[in-house]
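Let's have the full structure, built from the sequences with the hints guiding it.
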Amino acid sequence: MRIDCPLCGARDRREFYYQGAAVALNRPAPDAGVEAWDDYVHLRDNPAGETRDLWHHEAGCGAWLVVTRDTVSHAVSRVELATDVKGAMA
Amino acid sequence: MGELKAVSACAGLVPVCIGSVTVDGMDLECMTSLSPFGDALALDGALKKAHGVGWPQAGQALGDATVRVIWFGRNEAVLIGPEADQGLGDVAAVVDLSDAWAAVSVEGAGTVDVLARLVPVDLRAAAFGEGQTVRTQLGHLGASITKLGPERFMILVFRSMAATLIHDLKQAMAGVASRG
Amino acid sequence: MRVAGKGLVNRDKSVTFRFDGVSYTGFEGDTVASALLANGITLMGRSFKYHRPRGVLTAGSEEPNAMVTVGEGAGAEPNVRATVQEIYEGLMVRSQNAWPSLDFDVMAVNDLAAPFLGAGFYYKTFMWPKRFWEAIYEPVIRKAAGLGALSGKHNEDTYEKAFAFCDLLVIGAGPAGLMAALAAGRAGVDVILCDEDMQVGGRLLAESGAVGHLSGADWAASVMAELEAMANVRVMTRTTVTGAYDGGTFGALERVNQHTGKRGGGAPLECFWRIAAKRSVLAAGALERPIAFQNNDRPGVMTAGAVRAYLNRWGVSPGEKVTVFGNNDDAHRTALDLAAAGVHVAALIDSRQGITVEAASFPVIVGAQVCNAAGRKALESVTVRTSAGEQSIQTDCLAVSGGWNPTVHLTCHMNGRPTWREDIQAFVPTAGSIPDMAVAGACDGVFSTLGCLKDGLRAGQEAAEALGKRVVAVDLPVADDAAYALEPLWAVAGKGRAWLDFQNDVSVKDIKQAAVENFRSVEHMKRYTTQGMATDQGKNSNVMALAVLADATGRGIPETGTTTFRPPYGPVAIAAMGAGAQGHGFAPERFTTSHKRSVERGAPMIEAGLWYRPSYFPKAGETTWRQSCDREVGYVRKAVGVCDVSTLGKIDIQGPDAAELLDFVYTNLFSTLQVGRVRYGLMLREDGTVMDDGTCARLGETHYVMTTTTAAAGAVMRHLEFVTQCLHPEWQVAFTSVTEQWAQFAVAGPKARELLNGVLAQPVDGESFPFMGCGPVEVAGVQGRLFRISFSGEHAYEVAVPSRYGASLFDLLLEHAERMGGGAYGMEALNVLRIEKGFITHAEIDGRRTAFDIGAARMISAKKDCVGKTMAARAGLMDEMRPQMVGIKPVDAAAVLSAGAHLYECGAAQVNGNGLGHVTSVGYSPDLGLQIGIAFVARGAARHGDVVRFVDAVRGLETDVEVCAPVFVDPEGGRVRG
Ligand SMILES: [Zn+2]
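Protein chains in written order, with my numbering: chain A, 1 to 90; chain B, 1 to 180; chain C, 1 to 978.
No lab work stands behind these hints, which were simulated from the structure alone. There could be a bad hint or two in this list.
Said to hold, decoys possible - Here are the computed lysine-lysine pairs in the DSSO-like style, where the Cα-Cα straight-line distance is at most 30 angstroms:
id: 1; chain 1: B; residue 1: Lys170; chain 2: C; residue 2: Lys153
id: 2; chain 1: B; residue 1: Lys170; chain 2: C; residue 2: Lys262
id: 3; chain 1: C; residue 1: Lys153; chain 2: C; residue 2: Lys262
As the list claims (entries may be wrong) - Non-contacting residues of chain C with respect to chain A, defined by C-beta distances greater than 12 angstroms in every case (computed):
id: 4; residue: Arg2
id: 5; residue: Glu156
id: 6; residue: Arg352
id: 7; residue: Gly354
id: 8; residue: Val384
id: 9; residue: Val471
id: 10; residue: Glu721
id: 11; residue: Gln725
id: 12; residue: Gly781
id: 13; residue: Met871
id: 14; residue: Asn914
id: 15; residue: Gly929
Yeah, the Cβ is synthetic: ideal placement off N, Cα and C, and Gly gets one too.
Structure representation (structure tokens):
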């Protein structure tokens, strides 16, 4: 598997640390309530198809990336800097 | 009370010459990490003014043997050579890393083949020219690799892992050299 | 036997090798198989289960029978295919799976027991009685079955791994692959061309037909010469592409020195390549399948294409009187080539009616089938059945062709399923199975030479175009374009065992039996019969077995299922995949600046993550580590000790929002910390569990240095990156690991300040450096940093200098310490010192502990949000029944404690679910004169003074211990501030 880092170019999977769903970007407010926090920390979808994950280019540039990929075909369709994705949410 | 004695990161480990490839230690004088607060425009200006070399794009290594500014990762570059100008601290985090990294040069015919045993990035001349740099792995080590000249690279790894760096390079060099 | 005037081997260069101790001579270019056949040796192995005598079946890497062990001693390599292994001067080859000898194998008695050993026999026969399995069946089966054995010794051979990159990977260098590489190469594409053979040409090397005005081999050589002259093309021979993976990644195994005697000196035996390619062309060719009939496994029965290959490429006829049997036109070539070379062809038998063979100088029997073969260790005759009856033909070699199967394997590696083509009675790759891969030539069911050349040219040009290159014209040479016609014939009807999977000894009867027992799915049939599950993955036999299953279940082949393959295409030694990871290559070794000196002082070094740290520093006269450890603890408690603490993570944090970041990642406040002061901090994961702890120093208004534990340094760095990139990219803050920049030493003990004032330019006192003070200092002429922090409960400092001075400072500090009645201390003493004070490490914060559990709930500031705060407040994480951190000390002062032991109420049953908690750390406290420990006990904070039962079932320890506060020394904490 290769991930096309926006800063470094296409790199072998070995350079990346896998975190999990990009849900982690949406941290609730401290008072958002039990359900919102449970969703954020624990509840994850398990799609057969498109998924958005956070990967850290740990052995490369150090950027956190939002990677959109297909869990069935393994095709990676989009790689974005997490700072850009988070910045656009603000 | 005596003065403290300096020991270089690769003391006793280099030079190593196997086949047509040579690994030697590099004395970088000073190495300073620079990370701009916010965008890099102000830092670019301050760098040019103080050191004559600007802020690099991702994968870019600027300057020459006297002053280099090498991209070192997201939002980070290292200034190699002179002591960093005090003024840079106004626009960037300035961190002395002169002792944190072991620096070696690898050169000679077949260097690209040697590095192909260890580095999962295309370093062939057509893909990786002078003035280019990558952060990647060398074996299990996190490394910064910069092309300094035809068949000449600078490799930086954490100081504590210098022995492993040399061990891995030696093994790769022996494998390439054995092909004759 | 060699045939005069035939073959590509170098007859000017003879090569001597040994097979089963006997010396043989072959020529440069020979494989073990071709050289043995040239020497008249046809018996090359024994089958897996029944130990039936077997000869070579094929001339390539798909070989199921001729498996040999190469080399001797530690480096002996089993299960090498004799059809792949090239001979070299001094090569030693042994047959395997036969005892006492290949010629007389006592295990062949299995063959007589065959009626009991059919499909599913393992499942049925050895069900009962249960104890017989372990005692009798399994050992016997293991001894009797099995392929070659490993030496069991450490392999001294060198293996290598490497990375390669290209825009176009062409897999296979037969006519299609060569044309594809040529077309792409001329267009300027960055090409890698791989072929598993020792030279390019593929099937052209085995055929007698011409390409243009050249022989097939010469044409291939001319293309090779052109490709090698191109800077943008890399040709890799002896390199098998073993797997296709996500994102255009391929695995490939190069046999670097398997064909030479070169060993040692860093010369790798094999190299495992990871190739990243933008596009690929699969031109892997096709593999011939035999036809099943009674005793079709007799040595001398071979595929027709293999017989032709031995003749045309190696100049060897596998027999003196050869019979050819097939269901297709291609088989005719074998008879024609043999006859043209002067080899006696006993007959050509074609199962089809109405076939004529032009210019045949041998008997042609059409509408006939070979139904039996005779001769146990070598073929003697075959029985031919026609409508007129049966006849016997004396023959010592039978060349069989049931048609050709495209080598679809790689296209299955990403879950692709091949497509059945009725016209060629074979599976072909399904388009799109591997992204950006095109399939060309025989691999795509194109079987004429011209067709392959054309198809390869097309694939090469299309790839060039897709890669943005201008297509360059390439002339198509004239070549054979004969149609490939066949009528399906899978198994000849008859009694007796007709073999499909030669390597696993699966017969037609076994497949039928599986169908009868309702294992009708291919996947079930495979597992029940072990069809296709040997090292050759059923390359010759899977399609035949599928056809037999289809027939037995009354379905068509595509309705019955498909064949599918997983990586690797051919066997890959684990040593190749794990190359470089032996010895020092296993993991990076991180050495502190004091490493050399510690080793010189005899300290055993222990691993702490990737770091190496001194366990203790033995002195003359000390016979146990405990004596050294007790002495070193004494240094710190009574005089002064010095310890290298450089391995702790150090992160430099700067920027206008530095304080905000720290307030968010630590539970407690850092924005309120004064410049020149240090504070202990606790970090949580977002789920409320403790992630790490450590101190953080404020060096300036917007400048901090955070320390992490040695173990969590990487994880904390990643966490900070996460917080600042994924949660708060708006913060202006930057951080850099400075772990390696500073060599840092703890100087601890009542005389710590006295020692430091001997090396600092400016002496320090309680005012300039109070407890938890920090600041810049000059140490023996070098700018450094001093932190007044303690991990021992004693008056202590950590002094840091740039790493280049670390070794020198360590010497200097030791020199002073030793003069003052102290000295170096190692990890064992450090551990005792911190247990005596109840300071935690990752033995305590093991990923399950909350701030509440370690008695630090009050460290979660009420004044701000922080990572983990909300979730840490969940009722379940604050439950008083949770195990809470306590100290333990044995009631009997002489009792031995151990980490990992469980705690129970005294008298309670020591069973799962009844435990109170467990012990995380123990050590011997010289001050207290007994072993002490840290433990987690349910409701522990309220149970100080209670006696509970300590049980270590693993080490057989059991004793009563008293629960107490986890502080054993100086509970008021006066020393650290003194
Ligand atoms: Zn990157």
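Each hint tested on the structure:
no.	hint	verdict
1	B/Lys170 <-> C/Lys153	25 angstroms, holds
2	B/Lys170 <-> C/Lys262	19 angstroms, holds
3	C/Lys153 <-> C/Lys262	20 angstroms, holds
4	Arg2	48 angstroms, holds
5	Glu156	28 angstroms, holds
6	Arg352	43 angstroms, holds
7	Gly354	48 angstroms, holds
8	Val384	51 angstroms, holds
9	Val471	25 angstroms, holds
10	Glu721	6 angstroms, violated
11	Gln725	4 angstroms, violated
12	Gly781	35 angstroms, holds
13	Met871	6 angstroms, violated
14	Asn914	29 angstroms, holds
15	Gly929	47 angstroms, holds
Hints 10, 11 and 13, counting from the list given before, are not met by this structure.
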